[in-house]
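This is what each chain is made of:
2 protein chains.
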Amino acid sequence: MTDAIERALGEINFGPDGLVPAIAQQHDTGEVLMMAWMNREAVRLTLAEGRACYWSRTRRALWRKGETSGQVQRLHELRLDCDGDTVLLLVEQTGVACHTGRRNCFFRAWRDAAWKVIAEPQIAPGRLYPGGVEPAD
Amino acid sequence: MTDAIERALGEINFGPDGLVPAIAQQHDTGEVLMMAWMNREAVRLTLAEGRACYWSRTRRALWRKGETSGQVQRLHELRLDCDGDTVLLLVEQTGVACHTGRRNCFFRAWRDAAWKVIAEPQIAPGRLYPGGVEPAD
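If you read the protein sequences in the order shown, they are chains A and B. If you count by our numbering, then the first sequence holds residues 1 to 137, one letter each, in order. If you count by our numbering, then the second sequence holds residues 138 to 274, one letter each, in order.
Any given hint might turn out to be false.
Chain A regions said to be covered by chain B (calculated; three or more residues, Cβ under 8 angstroms) [claimed, not checked]: (1) 2-13; (2) 19-29; (3) 99-108.
Hints listed in this document are in silico derivations from the structure and should not be mistaken for laboratory results. Here the structure is a predicted model, which means the values were calculated and not measured. By construction, the Cβ of each residue, glycine as well, lies at the ideal position given by its N, Cα and C atoms.
Use the sequences and the hints to build the structure in full.
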């Protein structure tokens, strides 16, 4: 297992900051849920545990998606792009992906010369983070 | 038009390097085609021209997607995430998105402890770039 994961990591071209962009997509609907960042350890944990783990740049810490909110992303498949510098996670999203309580983070659309909010929260952020501490990427 | 675009830009949080990650998704199928980078001018041109324009980090130049290969991405809608630091382009992809000739760039999947190529080129790269110069992000 560990050797295999090391082989997986060997093909990923992490940037000068040790990170790669990671896109999370709902595996069956194709909905793009969010974009976050991963370092080597985040990829390792994601593959080992079968759930998305990111690197929070603001908190400078590993961030097991859903560890506070319960909104876990179970890994369906990990994919790598042609240059090896971006990963795509096909996931099964429990609940909502966005810290605002929306299903996905891309809820602003440029329409008629303005940013329009095109999705409403499905759950109040206060219920996602009872302690008041919201994660940030 | 210009004022509107300036308002659009005002909500986007470009990074210290002046760039934001940009995810291109086929608007009707949900297929994630590629990830690239945009600076302010790339977003401006994308909105003004209705086709995806990125910033090539390696060439340090604006990169109108398809200008060499003809594989244009017509903009269907621009979306912005909760933090304003990632954009999602819903596009109509002409032909293929990947410089390898594949429909999308995420053609390697981690399966059975190895990276498996899960899509074949639909067109030879030599036909995409007759001059032999392939773009890079």
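Now the hints, each set against the structure:
no., hint, result
1, 2-13, "holds (count 4)"
2, 19-29, "holds (count 4)"
3, 99-108, "holds (count 7)"
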